[in-house]
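Trainee: With chain A held as given, fit chain B onto it using these hints.
In order, the protein sequence lines correspond to chains A and B. With the working numbering applied, the first sequence covers 1 to 462. With the working numbering applied, the second sequence covers 1 to 331.
It is worth saying that the hints were derived from the structure and are not from the lab. Quick caveat: nothing in here was measured; it's all calculated off a predicted structure. Keep in mind that the hints are not guaranteed to be accurate.
The calculated label-pair distances, taken between Cβ atoms and stated as ranges, are [said to hold, decoys possible]:
| id | chain 1 | residue 1 | chain 2 | residue 2 | range |
| --- | --- | --- | --- | --- | --- |
| 1 | A | K273 | B | G135 | 46 to 54 Å |
| 2 | A | Q283 | B | T298 | 37 to 45 Å |
| 3 | B | K39 | A | K273 | 48 to 56 Å |
| 4 | A | A64 | B | T2 | 19 to 27 Å |
| 5 | B | P134 | A | A31 | 34 to 42 Å |
Take a look, some chain A residues computed to stay more than 10 Å from chain B by CB distance [as the list claims (entries may be wrong)]:
| id | residue |
| --- | --- |
| 6 | K17 |
| 7 | A31 |
| 8 | E109 |
| 9 | T124 |
| 10 | S133 |
| 11 | G172 |
| 12 | T228 |
| 13 | L270 |
| 14 | A364 |
| 15 | A396 |
| 16 | Q400 |
| 17 | R420 |
| 18 | S454 |
Chain A is nowhere near these chain B residues, computed Cβ spacing over 10 Å in every case [as the list claims (entries may be wrong)]:
| id | residue |
| --- | --- |
| 19 | A13 |
| 20 | D61 |
| 21 | D198 |
For each residue, glycine too, the CB sits at the ideal point set by N, CA and C.
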Amino acid sequence: MIAVPDPLHPAGGPVGKPVSRVDGPLKVTGAAKYAAEFPADGLLYGVVVSGTIARGTIESIDAAAALAVPGVVRVFTHENRPRTAWFDRKWKDEVAPPGSPFRPLYDAEIHSSGQPVALVVADTFEAARYAASLVAATYAAGKHETDLHANRAKAVVPPEYRASADEPVSRGHADRALAAAAVRVEAEYSQPAEYHNPMEPHATTVVYGADGALTVYDKIQGAPNSHTFVRNVFGLASDRVRVVSPFVGGAFGLGLRPQYQLFLAVMAALELKRSVRVVLTRQQMFTFGHRPAAIQSAALGAAADGTLAAVVHEAVCETSRYEDFTENVVNWSGQAYRCGHVRLGYKLARLDVATPCDMRAPGAATGLYALECAADELAHAAGIDPVEWRVRNFAARDQQNDRPYSSKELLACYREGAARFGWAAVGRPRRAPPAAGRRSSAGGWPAASGTRCSSRWPPARR
Amino acid sequence: MTPFTYARAASVAEAVGGFAGTPGAAFVAGGTNLIDLMKETVARPRHLIDLTRLPLAAIADLPGGGLRLGALATNAATAYDPRVEARYPLLSRAILAGASAQLRNAATDGGNLLQRTRCYYFYDPATPCNKREPGAGCGALHGYNRIHAVLGASDHCIATHPSDMCVALAALEAVVHATGPGGDRTIPFADFHRLPGDTPHLDTTLAPGELVTAIDLPPRGFAAHCTYLKVRDRQSYAFALVSVAAGLELDGGAVRAARVALGGVAHKPWRDPAAEALLVGKPATAEHFRPVADALLTGARGYGHNTFKIDLARRAVVRALGRAAGAEGPS
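For reference, chain A alone in the conformation it holds in the complex (with noise of 0.2 Å):
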């Protein structure tokens, strides 16, 4: 084998050593700028107007109490957006899932809770946020579905999967080896949507040039995709619009893809001239993206010395109605232990949620959640240490593919954490093995190791 110097980690290089972010002194001062901080002449403020019910349609949106306040300068609804782009296409952002993006203040369907319906566009942010206040919207309410585990029989395997995403392969005869199996667990794991809700919240502000070009100072893990995103859904030359994102204050995922406010941002600003800027609430932070809420079932089985012999995973998550949200859920059990029989499952309920987005570690934060437990269970009634459970089906190349590993020091790190833990001493099962048939609720510490995919791509020199 040859050693391949890791580009990651030379040798002398920051990792493990206290280092300082380039950007630290700049955030602890307040000196670095977010999105909302940059000043304009003229500045507008905009306040979204959050839709009250998760399915239905607006039947009248009343906005003269709004108008009348003094410094309104206009309320946007469906009724009285300007034009914008027709195609789905031209919605896409770069990383948008199969489906038909999410059209803002697009017509009167409301397709998820907190839906946005109306901006209000004053001169300053008190009165637009008064006036918001004030847009009084009548609904025709339709009857929702938003409960995963009571729409999770109408789960469908999805058809298309996302780029960053794959179908989940089986292998083997995974069920015939599971009724085979000495030892054997089944169970199921549940989480709720989980919301990244970072401290900046979404904001964009956009600066009107004199010329008219905007510049536009948005809430995103990448700059390009917004910029795209308005090029193409307000049919804007490239040289017209500059979007900057030099700080984000956290985002987790969250600022991936381009969202509502900045549509509504950049939409008012070339209505009225003018510069604008839109702040979500912190409320409004959970109207959108999340990590999907997941239903999970885990059947492992085991030769009586705790062998693995049989993995079956099966996965529903939600998505909304109008975009398939994949990721990969159940596809780190097809690689985790070394196993000849595995099956995987991975379905996806349409219900009326916002879209789900990439949240840290995507995927496999759910699925090795349930797989570590199951795993920890299935030690437990082998009644071998959870640890030693581990390193007994370590498996030293890539099953999928039946590759091996470029490195893979998961071993050393079974021991070093178990050293440093004190796991001979704590960690051993307590109790004896349930009876069959029987969970036991105390074993013990449990422990888990993790997987998240480290992608590298070749290199190419401009």
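Mentor: Same frame as chain A, now just chain B:
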């Protein structure tokens, strides 16, 4: 937020008088709950009477061995008071299991008793809620009710009382002192909060304009054998799905007296002295704790998402009593 006027009360009499003389008045102390509710337009007082300058912040010994907590003593000052820590560790632990350090620094003991439910529907004015708007209906009954009550609820309201502190106060049989237009009175803790019935907009038995001035802790503090067990979705800064305040007095291995109060399961801290009496004279072991748990959960009813709480509460009672007895590790 709805516009309001503000006045700072210089005396208890002035506060009580000010309330009686002003329609739509509300008392405010720490403001950790009321101000949030005002921002959400759930609470819309037209006039706030600020109590924070009243001389009600002292924690003082009572003749006979009890302790008096002034209504304006902060949750933090109470939890870290050496007398509370030594004589009422159950109360100290319950307070520290709740909220955050910042909130406990601002929140007062009187206000803790009066905090409103965290029912999602109560907080969302776009949904029906009988507690917020009598007669509007209950969104939780057939909605998302994972955090809701399994005991003592009604078809009008299945909200829970969110406090940790109050669960310990119920177990300790605290006594609430109140004053109002009708004069001073004392209220046993079990009678302070009420069940929703068909008037869920009323959380407590305080009359309009009555003010909590102090909370008395009786001499029996169950300090030697107590635990506060809080089961929640996060280990920090989350309300209890189920909590248990348990105190035991042991005579050798046998139980001389037992107190068990449940939080997160009802419109008020849930206690049943008859269930506690089952333990008296019995060894402090799990087999004797289980009947207590079963008795406490008698009549429990789940509403779908929260049905898991019934079993969870039973097991939590057994574990909490085990910990209080010293059988299952430190609390």
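Trainee: Each hint: holds or not?
Mentor: For each hint, the structure was consulted:
Roughly 49 Å separates the CB atoms of A:K273 and B:G135, a value that falls within the hinted 46 to 54 Å. Against the hinted window of 37 to 45 Å, the Cβ-Cβ separation of A:Q283 and B:T298 comes to about 39 Å, which satisfies the hint. Between B:K39 and A:K273 the beta carbon distance is about 34 Å. The supplied range of 48 to 56 Å is therefore violated. Distance hint check for A:A64 and B:T2: the Cβ-Cβ separation is about 20 Å, which falls inside the suggested range of 19 to 27 Å.
In this structure, B:P134 and A:A31 break the distance hint of 34 to 42 Å, their C-beta atoms being roughly 52 Å apart. Every C-beta of chain B lies more than 10 Å from that of A:K17, the closest at about 30 Å, which supports listing it as non-interface. Here A:A31 stays apart from chain B, with its beta-carbon at least about 26 Å from theirs, past the 10 Å limit. The Cβ of A:E109 sits about 18 Å from the closest Cβ of chain B, beyond the 10 Å cut-off, so the non-interface label holds.
In this structure A:T124 is separated from chain B by more than 10 Å, as the shortest Cβ-Cβ distance comes to about 16 Å. Separation of A:S133 from chain B is inadequate, the least Cβ-Cβ distance of about 8 Å not exceeding the 10 Å criterion. For A:G172, the shortest C-beta to C-beta distance to chain B comes to about 35 Å, beyond the 10 Å cut-off, and the non-interface label holds. At roughly 35 Å, the least C-beta separation between A:T228 and chain B is larger than 10 Å, which holds for a residue marked as non-interface.
The Cβ of A:L270 lies farther than 10 Å from every Cβ of chain B, with a closest approach of about 31 Å, so its non-interface assignment holds. Here A:A364 stays apart from chain B, with its beta-carbon at least about 21 Å from theirs, past the 10 Å limit. No beta-carbon of chain B comes within 10 Å of the beta-carbon of A:A396; the shortest separation is about 36 Å. At the 10 Å boundary, the C-beta of A:Q400 stays outside the reach of chain B, the nearest C-beta of that chain being 34 Å off.
With a least beta-carbon separation of about 21 Å from chain B, A:R420 lies farther than 10 Å from that chain, consistent with its non-interface assignment. A cut-off of 10 Å between C-beta atoms confirms that A:S454 is not in contact with chain B; the least separation is 29 Å. Against the 10 Å criterion, B:A13 stays outside the reach of chain A, whose nearest CB is about 37 Å from its own CB. No beta-carbon of chain A is positioned within 10 Å of the beta-carbon of B:D61; the least distance is around 41 Å.
With a least beta-carbon separation of about 26 Å from chain A, B:D198 lies farther than 10 Å from that chain, consistent with its non-interface assignment.
The structure shown violates the earlier hints numbered 3, 5 and 10.
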